[in-house]
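Asker: In the order they appear, the protein sequences are chains A and B. If you read the first sequence in this note's numbering, its first letter stands for residue 1, the second for the next number, and so on. If you read the second sequence in this note's numbering, its first letter stands for residue 1, the second for the next number, and so on.
Read the hints as simulated data drawn from the structure, not as lab findings. Don't take every hint at face value.
[What the hints assert, rightly or not] Cut-off 25 angstroms, straight-line C-alpha distance, at most; resulting in silico cross-link-like pairs (BS3-like, lysine-lysine):
1) B:K79 to B:K108
2) A:K246 to B:K228
3) A:K84 to B:K108
4) A:K84 to B:K140
5) A:K252 to B:K211
6) A:K252 to B:K79
7) B:K218 to B:K228
8) B:K79 to A:K84
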Amino acid sequence: MNVYAVRAIYRFEMARAWRTLMQSIATPILSTSLYFVVFGAAIGSRMGEIDGISYASFIIPGLLMLSLLSESISNASFGIYFPKFSGTIYELLSAPVSPLEIVLGYVGAAASKSVILGLLILVTARLFVDYEIVHPVWMVGFLLLTAITFSLFGFIIGLWADDFQKLQIIPMMVIMPLTFLGGAFYSINMLPPFWQTVTLFNPVVYLISGFRWSFYGVADVNVIISVGMIIVFLLLCLMAVGWIFKTGYRLKS
Amino acid sequence: MEPIISIRNLTKTYDSGLQALDNINLDIRRGEIFGLLGPNGAGKTTLISIICGIVRPGEGSVSVDGHDIVSDFRAARSKIGLVPQELSAATFESVWATVNFSRGLFGKPPDPGFLEKILRDLSLWGKRNERIMALSGGMKRRVLIAKALAHEPEILFLDEPTAGVDVELRHDMWEMVHGLRESGVTIILTTHYINEAEEMADRIGIINEGKIGVVEDKTVLMNKLGKKQLTLSLQHPLSKIPMELDDHPLELSADGNALVYTFDTQKKHTGIPELLRHLSQYGIDFKDIHSSQSSLEDIFVSLVREKA
Numbered sequence: 001m002n003v004y005a006v007r008a009i010y011r012f013e014m015a016r017a018w019r020t021l022m023q024s025i026a027t028p029i030l031s032t033s034l035y036f037v038v039f040g041a042a043i044g045s046r047m048g049e050i051d052g053i054s055y056a057s058f059i060i061p062g063l064l065m066l067s068l069l070s071e072s073i074s075n076a077s078f079g080i081y082f083p084k085f086s087g088t089i090y091e092l093l094s095a096p097v098s099p100l101e102i103v104l105g106y107v108g109a110a111a112s113k114s115v116i117l118g119l120l121i122l123v124t125a126r127l128f129v130d131y132e133i134v135h136p137v138w139m140v141g142f143l144l145l146t147a148i149t150f151s152l153f154g155f156i157i158g159l160w161a162d163d164f165q166k167l168q169i170i171p172m173m174v175i176m177p178l179t180f181l182g183g184a185f186y187s188i189n190m191l192p193p194f195w196q197t198v199t200l201f202n203p204v205v206y207l208i209s210g211f212r213w214s215f216y217g218v219a220d221v222n223v224i225i226s227v228g229m230i231i232v233f234l235l236l237c238l239m240a241v242g243w244i245f246k247t248g249y250r251l252k253s
Numbered sequence: 001m002e003p004i005i006s007i008r009n010l011t012k013t014y015d016s017g018l019q020a021l022d023n024i025n026l027d028i029r030r031g032e033i034f035g036l037l038g039p040n041g042a043g044k045t046t047l048i049s050i051i052c053g054i055v056r057p058g059e060g061s062v063s064v065d066g067h068d069i070v071s072d073f074r075a076a077r078s079k080i081g082l083v084p085q086e087l088s089a090a091t092f093e094s095v096w097a098t099v100n101f102s103r104g105l106f107g108k109p110p111d112p113g114f115l116e117k118i119l120r121d122l123s124l125w126g127k128r129n130e131r132i133m134a135l136s137g138g139m140k141r142r143v144l145i146a147k148a149l150a151h152e153p154e155i156l157f158l159d160e161p162t163a164g165v166d167v168e169l170r171h172d173m174w175e176m177v178h179g180l181r182e183s184g185v186t187i188i189l190t191t192h193y194i195n196e197a198e199e200m201a202d203r204i205g206i207i208n209e210g211k212i213g214v215v216e217d218k219t220v221l222m223n224k225l226g227k228k229q230l231t232l233s234l235q236h237p238l239s240k241i242p243m244e245l246d247d248h249p250l251e252l253s254a255d256g257n258a259l260v261y262t263f264d265t266q267k268k269h270t271g272i273p274e275l276l277r278h279l280s281q282y283g284i285d286f287k288d289i290h291s292s293q294s295s296l297e298d299i300f301v302s303l304v305r306e307k308a
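Using the sequences and the hints given, assemble the complete structure.
Answerer: Dropping the structure here:
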């Protein structure tokens, strides 16, 4: 294992986050805080409880998951896309590093940034809303697993994209709608039966449901199924990355 | 001595169908400066990119210091440093951060003293905290060299290293390359400046249309293929070369004021005494005489045209 290479990539990527602190940390915290103010304090105060939880508290796991997914994807996709765009990828391809070490460096850094951001959002939420965490170990587990899985997914998008537009398409056109329709702002039990069934095809439902269970002990779907779905998605992403490095797809001619 | 790079029957065809390399066989000797010359699109960069791991190899094999570039890529690549043709560097990073990154990427533990020496040797120490985007083109080129040297490679590929740099920097780089060779580094150089290869290389390989044409010691190549010319400045201009001199390979300059005699340095008899005797015999007086040898550039151009 080329540990020095993993460390070099990891530190390089983390340094990029500190260099762009406003964009990496401050902006997502601000936008999530606005959600808390608008949906939590303003609108939420006029809404009833859901599963015995105040609306403002109910949306915290969903909002956190929304930031976690979008930041994991954008951090990891930009991290590997920019060297391709600027031409510096030659150094990575000519270095004595294995695909696993490259993934550990880039995805590890992207996931670290997302987890830090998630924890900061959680602290910020306390300024606006009261909440509890019934299963803190599970909460951290969901946080880590989701950050790693979606950083890996972002890494795949960064490898696949050959222009900046493609870099944005999946997060904006797929992930964002799936998250909004995945129960971030409502329980899927509030939907008519037909749409409840349709919603079960949305993988983000399982993430948010499991994550909310770690906070309040209530879930739309069984927590084991939620964990299983995340692990299945993680394995699919690992297989895709393995295939990309094996074939050199969009990396080597 | 075992070659440090051994290329056997290497062929590369891109997905587009373009055959970039056609059955390349080449050995690079340990410690030499090898000049790889060829016109645009000849396959130089493809060959370098395959050895370094940037482009997938086709058929054939390449080994670096005995390590196969595919099955034993880690050992092979750790011995190689590459200075690419394009000025590709992480523009928002500082010089110091980027050379540290390169060293780590190639599996070497941090060594600030060694990196300081490299930056000082390349006149970059004063710029170590500057962002790469703020540097001039010549300085960026130096940064790329510093990055390539950061992990103490045994083999250094320089792909058009002096493209677009000023004369002073070019001479600095030539000095640096000679210094690296003295320290035992094997250098493979591609360049469009033939005089650069003439100045630096020990051996020359000429590649054209994906095939290696000639691989030869530079001095041997120049002696073998080089031609010498004798120019005689005439007292009185001629309108044409007299028929009596037809046996001599002579050319008349456009203004008729000079006769140019081309001869082969490898031949035992150059024919010069006979030529001078005949000129005197036919009353053609000259006021000045000088000789010149064809440069590597002339040899390169004639070889490439010959193959075309």
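Asker: Please go over all the hints and tell whether each is borne out by the structure.
Answerer: Hints and how they fare:
At roughly 11 angstroms between alpha-carbon atoms, B:K79 and B:K108 fall within 25 angstroms of each other, so this suggested pair holds. For the proposed pair A:K246 and B:K228, the alpha carbon gap of about 54 angstroms is over 25 angstroms, so the pair is violated. A threshold of 25 angstroms between alpha carbons decides the hint, and for A:K84 with B:K108 the separation of about 24 angstroms falls inside it, so the pair holds. At roughly 18 angstroms between alpha-carbon atoms, A:K84 and B:K140 fall within 25 angstroms of each other, so this suggested pair holds.
The suggested pairing of A:K252 with B:K211 holds, with an alpha-carbon distance near 22 angstroms, which does not exceed 25 angstroms. The straight-line distance between the Cα atoms of A:K252 and B:K79 is roughly 21 angstroms, inside the 25 angstroms bound, and the hint therefore holds. For the proposed pair B:K218 and B:K228, the alpha carbon gap of about 16 angstroms is at most 25 angstroms, so the pair holds. For the suggested pair B:K79 and A:K84, the alpha carbons sit about 24 angstroms apart, so the restraint of at most 25 angstroms is met.
In summary, the structure is inconsistent with hint 2 from the numbered list given earlier, while agreeing with all the others.
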